[in-house]
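**Student:** Heads up: the sequence lines are chains F, D and U, in that order. Under my numbering, think of the first position of the first sequence as -3, with each following residue one higher. Under my numbering, think of the first position of the second sequence as 9, with each following residue one higher. Under my numbering, think of the first position of the third sequence as 13, with each following residue one higher.
Read the hints as simulated data drawn from the structure, not as lab findings. Treat the numbers as computed from the prediction; the structure is a model and nothing was measured. One should not assume that every hint holds.
[Unchecked claim] Chain F is nowhere near these chain D residues, computed Cβ spacing over 10 Å in every case:
{"hint": "1", "residue": "Asp59"}
{"hint": "2", "residue": "Tyr70"}
{"hint": "3", "residue": "Tyr81"}
{"hint": "4", "residue": "Arg121"}
{"hint": "5", "residue": "Gly146"}
{"hint": "6", "residue": "Met154"}
{"hint": "7", "residue": "Arg162"}
{"hint": "8", "residue": "Pro323"}
{"hint": "9", "residue": "Asp377"}
[What the hints assert, rightly or not] Computed footprint of chain F on chain D; a stretch qualifies when at least three of its residues, placed anywhere within it, have a C-beta under 8 Å from a C-beta of chain F:
{"hint": "10", "stretch": "42 to 54"}
{"hint": "11", "stretch": "189 to 198"}
{"hint": "12", "stretch": "365 to 376"}
A virtual CB, placed ideally from N, CA and C, is assigned to each residue, including glycine.
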Amino acid sequence: MASYPRDFRFGGFVVSLIWLIFWILIIVALVGLPLIFIILFYVPLPEVDGEVLTPYLFLTSILYPQSAIPVIETLLDTTFFKVAVFPGFTYAALIAAATIFIERKFLAKMQLRVGPLYAGKIEGILQLLADGLKLISKEIIIPSGSDKLIFWSAPIAFVATAAAVVALIPAAPGWVVADIDVGLLAVFAILGFFPLIALLFSWASNSKYPFIGGLRALHQLIAFEIPFILSALSVVILSGTLNLTEVVESQIQSYWFIFFLPISAFVFYISSLAELERIPFDLPEAEAEIVAGWLTETSGMIYGLLQLGSYIKTYALAALFVILFLGGWAGPQIFPAEIIPESAEAIIPVSELYEQTDANAAFWFTLKTFGVIMLMLLPRGISPRIRIDILLHTGWYKLIVLAFINMFVALALIYGGVLGPGGLLVR
Amino acid sequence: MTSIEEKFEESKRLGLQIVKESEEDRLMTLSVGPQHPGSGHFRFVIKVDGDYIVYCDPDPGYVHRGEEKMCEYRNVIQNIPHLERPVIHDSANITYSYSLAVEELVGIEVPRRGQFIRAIASELNRQVYTLYWLAIYGIFLGHSTMFMWPTGDREVIIDLLEALTGARVTHAFNIPGGVRNDMPEGFRDRCLSQIRYLQKRFKEYEDIFYNNPLFRQRTEGVAVLSKEDAIKLGVTGSVVRASSVPFDVRKAEPYDIYNEIDFKVQYMKTGDCFARSYVPLLDMQESCYIIEQLLDKMPASGEVRAKLQPNPKGPPGESYRRVESGRGALGYYIVSDGTPKPYRVKISVGSFRNMLALPYLLFGKRLADMPAVYWSLNYWPVEADR
Amino acid sequence: MSANNKKELNKVAAGSQTKHSSSTSDDTAQEQPPSPSTQPKQIPAKPSPPSATAAASAATTTTTPKPSLASSPAKTQPEPPPFEKGLVEQLKNKFGDIVKVVFIKPLRIKIQVEPQDIVGVASFLRDSMGFDHAESVAGTDYPKDNQIEVVYHLGSYSREELAAHILWLTARTNKDDARLPTLINIYKSVEYHERECYEMLGVYFEGHPRNERFLLPEDWADIPPLRKDFRIKGR
């Protein structure tokens, strides 16, 4: 942005400053304050130490930082925190961002090259930020004759659906956005939206290659939902509940289900690769055949949103794998009971926020999820793309049979009294 | 499997086996055009019925430069730089054939050491081209590692070529009369050590790429080109060798010193995409042996280039010489009328001949097979357009 | 590689390649000194009609040179090699004067026929003599004679002894009304070559399903570019 700088005049500078202050005051007075009062009128204020949190109480925390601790504690308990930070959107987005970066580096090492190197001082760590900024700054081109409503709303729906799946995943005991008794069923119900979104978006693109890609996405995603559900059904049989938190609890009581259901875990893994449209199942986005499949007409932030949604879905399905088969957050306790011993007398007892079980659970959950994500990234460097008829043949014939086999094994374990209530292996 | 005649008729009538003429509205026309990540600088129009291709019409000419016409305006030495451009990766072979034809017309005798160096450059370039072709095959199949590894290994050979000729890709090394300059010191040992490295890598390629079940699933049994069809269509190079016709110009009509070199003509009998993708790898391994022998048998010193007049010209005549390049038999038909500039140069490239197999092979195949089949025909779009 | 492996390679190569003729051709070819263009190949006798064994007969007429062509570029006027002579004998016996031999060089034979006879000669070449594909089709413009010459380079994949030979089947046609019958029904491989010849030189191939523009851009509105009247702009 090289523009010719005009001569600096101090008077003009002062005038612009006063103009700025004037506008800030106007907006705060006429818009901000009424907004605050309306919000305070309707929003139920949290209770802090038996007192209602008033703005006065809130502002005193500036002078007495230790009084902010109970505020933060109540904040940590709210649903809003769970939705926005952990295990909600921020957590998922951070994992998604880390996944993208790790994928590029991991893949590069497998392919005897380096990957992103120049963005950021250490090994290209800011590459993702650079890509995000690039995508935001690009022009969004809408093809003529396309259905504008669907074209604009489908990427947003994609991210929203992916985020909805994330909302059902418990990352630590008690830390789940939506604790539904039929959690697993809800996950599958929400996953059923993705083929619809792909098809609608490809239709709205008004072009031949996206059309082919959308049909392929439809075939692939629907065909692999069945082995997906069947393999998860074995877990439901063993644990006796659809609630995801209780599934993990039952694994903590006995052993991780992957030891009893290895075939189901394998089927689940393959089906989740197909649901995520990852290589070797990336037919809907097959580059050499149908340009970019149903993503052909996306540009700029629409493409960015679709990629974000795709990686959030990756995290969600990997987390689901961990919960169903790898014991969720179960793991040996490696965190100390208190971070800083005898800190209750400190000026700012931050360590009161620290909860041992929650930290441990979050740590193990994140570690296992990353492990599963790396496993999902691995086939990208190894295999070529599969063909649609081989894909459907595999999905319909082979995977369903395998899932059934393991379901019978699970049933046998239950009836044999090995697992289930009062079973032999239940601690 | 229907014979080639029947397929020819059907592909003209838009595939009556799959779609009746009255249902032509069901077909969708796709232009796999120059702006397509799956086609290169080449366009072909396909009509698709659901997932099956019923019609394919190649439409080359996107990068047509008029090489043959340009040759008539320059003398025989000036033609070398622009004749390299049709296939930049394999530039030693496309100028090799030209040099042979010109030498026959003008009557130049190439010194022995020059012949050996020419052959070494030709073999190295053949490997460069085949590795690049393999890399693009990986992209077409969606295998990104199959793109990265051959491209990385290609650098090894390109460094060798840079040491030998001075340029990486279009080096204008072969001229009528020999090569431009001699080998540098230490080239022999360096070349041998890099050849060892490449031989190890080719074994790894076989393990990782060719024994990959998904790769085999996608290429085995797909688009079988029978021996009779291959001969009738006149395809050449690795395509015809994959259909059990063991034809290699270096063996059939040895040029320069190829009759002193021991090597096998690698061919396979199945004729499907897998064979067409495997024969180039076998060719590359064979090429390594040939380079070793060439380096052994080379005379230790000597001229590398015959002395030429400033504007070499010979008596009026015609000549046709061919060379085995990465794509197949690359032939030059040169008519000379006694002046320094050729009267007519016709380049018969392997890609142009192999392009004929594309409509026949694509008929009745799935859309997903299209890149696999198209690239397995060892087609280089720029060369076919000249 | 050790010498043993090399010998094995050689044997296997000879054994794997030669399908119907003897296996000695490769060995003999390899022991000859370089520059094969001046070496006749010693090939075992190929089946030729009995009347063709009269090699002494001067049946190979290096005819009066066509106005713009000459005979072999060898420094001396060598005796045409016996194998190639045998091939030409076969043609002469079948077609007599229709086939005019332009030259016979080692591994290269050039014959010229009239446009109306070209289909018959080509079928004979394909069926009886074993030239089963056309390597390329080239057209050359000779404005001095007002003629365009189309050369078909025919090669053989199926016959071992003909693998190195290229037979040039040529026909000349008048430049003002350039028409030739197509050989597509005999040699499928000429389909695209003839189409390119049509667009580059303006020779109409009768019977070819698509005499259309192939390599040139869609909006080409000039004369066919490979004609000598077409000058590249700026030269």
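**Student:** Are there hints from earlier that the structure breaks, and if so, what are their numbers?
**Tutor:** 1, 5, 6, 9 and 11
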